[in-house]
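Numbering (the working numbering) for the sequence shown: 1 to 444.
No lab work stands behind these hints: they were computed from the structure. Among the hints, erroneous ones may be present.
[What the hints assert, rightly or not] Here are the simulated DSS-like cross-link-like pairs (lysine-lysine), alpha carbons at most 27 angstroms apart as the crow flies:
no., residue 1, residue 2
1, K172, K190
2, K190, K246
3, K76, K154
[To be verified] Distance windows between CB atoms, simulated:
no., residue 1, residue 2, range
4, A216, T79, 45 to 55 angstroms
5, G419, A41, 25 to 35 angstroms
6, A416, V318, 14 to 24 angstroms
All figures in this text were calculated on a predicted structure; none of them were measured in a lab. C-beta: ideal position from N, C-alpha, C; glycine also.
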Amino acid sequence: CGTNNNACASKMCRDGVCCTSDCSGTCERCDSTGTCVPEQAGSMPVGDCEVSGQPVACRGSCDGNRACTWPTASCKAGTCGTGSDGSPVAQTYSCNMGSCPAQPNGESSCNFSLCSGGACTDGCATKSDCVANSVCDRTAAHTTGRGACVDPTKVQTVATTITAALAGLGTKTHIAIGAGTYNEKLSIGKSVTLIGDGAVTIGQGAGPNIEVTAGAVALQNVTIDTAIGSGLAGVGVRCNGSGSEKLTIVESTISSNQGVGVLSSFCDVVLRRNTIRTNTGGGVSLANGTFVVVNDVIFGNGGTAASVGGLNLGTPSVGTLAAYNTITGNIAQTGGTSGILCGGPMTLTNNIVWGNVIVGGGGQEQLGCTFTNSNVPNGSGTNISADPLFVDTTMDNYSLKTTPTLSPCINTGTTAPTGGTVLDIKNNTRPMGTATDMGAYEVQ
Numbered sequence: 001c002g003t004n005n006n007a008c009a010s011k012m013c014r015d016g017v018c019c020t021s022d023c024s025g026t027c028e029r030c031d032s033t034g035t036c037v038p039e040q041a042g043s044m045p046v047g048d049c050e051v052s053g054q055p056v057a058c059r060g061s062c063d064g065n066r067a068c069t070w071p072t073a074s075c076k077a078g079t080c081g082t083g084s085d086g087s088p089v090a091q092t093y094s095c096n097m098g099s100c101p102a103q104p105n106g107e108s109s110c111n112f113s114l115c116s117g118g119a120c121t122d123g124c125a126t127k128s129d130c131v132a133n134s135v136c137d138r139t140a141a142h143t144t145g146r147g148a149c150v151d152p153t154k155v156q157t158v159a160t161t162i163t164a165a166l167a168g169l170g171t172k173t174h175i176a177i178g179a180g181t182y183n184e185k186l187s188i189g190k191s192v193t194l195i196g197d198g199a200v201t202i203g204q205g206a207g208p209n210i211e212v213t214a215g216a217v218a219l220q221n222v223t224i225d226t227a228i229g230s231g232l233a234g235v236g237v238r239c240n241g242s243g244s245e246k247l248t249i250v251e252s253t254i255s256s257n258q259g260v261g262v263l264s265s266f267c268d269v270v271l272r273r274n275t276i277r278t279n280t281g282g283g284v285s286l287a288n289g290t291f292v293v294v295n296d297v298i299f300g301n302g303g304t305a306a307s308v309g310g311l312n313l314g315t316p317s318v319g320t321l322a323a324y325n326t327i328t329g330n331i332a333q334t335g336g337t338s339g340i341l342c343g344g345p346m347t348l349t350n351n352i353v354w355g356n357v358i359v360g361g362g363g364q365e366q367l368g369c370t371f372t373n374s375n376v377p378n379g380s381g382t383n384i385s386a387d388p389l390f391v392d393t394t395m396d397n398y399s400l401k402t403t404p405t406l407s408p409c410i411n412t413g414t415t416a417p418t419g420g421t422v423l424d425i426k427n428n429t430r431p432m433g434t435a436t437d438m439g440a441y442e443v444q
């Protein structure tokens, strides 16, 4: 019948055939027998499931039951707004019943990171990625490569001293420390994260410079320097716990303390992406807890009175992880351990333990540790034993040479980052080659 109704006894020509019913509703058609049936599910016949003047992205399709299925796809570029908590939000425009809305009909919180071009900044590298008065907490940056911006209402700013900021912390969780040298001895008995906002040095007096007595304490982007005195008085950072305390240090420098750089007993300790150097009593000494020591450079520590020069992992608990560390140039007394001592069963992966010295001999560079994919003395199996070819030890640069000779530690670690660690000490992504590099630096 074409389109001629008069050609049909029913006076209803539909879809080129004479139909027994009107069959002009949404998503229906007249078949070859003249029976009105639903359009096939997923079909998009002209004129059905379309709203005039609206984007093609919003056009619907038939559902097989004489109705339309409408998409909820994005139909125009997003915008930025402000949420009820004052944090930026990324606003979206999604198709609604075939139309693109004039006002945003969806949003997602940026969690105090900035919004640009309708999209949230993915976490933070520095506080410049965050809203005003926030800080960038990079405690967990090893998993994604980015930190998290902190709610500004949870941030305490140091006005005079860190001690005063701690006393007035209240329900706040973070302290932002402005650039400068703070000649303070801090005793911390509460859960808090201290973040240096610029070049921050804490110490230069009778230590321990920082002592954790309770709670979960995190230090970030600070230098703990020059604790003066013998024994505990010379310690840079100490955690003296009962088993529930936690100490986390990331992207910081622990240096030139007359005792041990980091000393802990009955605390869980996390050390990531730190430089721990020239501490006379030894670099790090941990006992009775779960330890995570990853992407740290531990060099030039110890001396003639140190029993362990570099890293002492005494009685570690299940879950301890020590990986991607560069432990070099540390010194121990005669009969001691100059590089690393493991006080319990554990396997260390992707480390460099090289060039550590015993004064007068009679000791060892490493004791009690099992290594895989590491550069260590007498390495065998997946380990190697070769000069790592550091770039310039006279300038404390323990990254790996690529010219004129390629370091044997490049692309000889594991094929996937160990323990979810996607960053090296310089916040470069691992791996850059066919496998991760041994030690704290991933060659770019």
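**Q.** Numbers of the earlier hints that this structure fails to satisfy, in rising order
**A.** 3, 4 and 5
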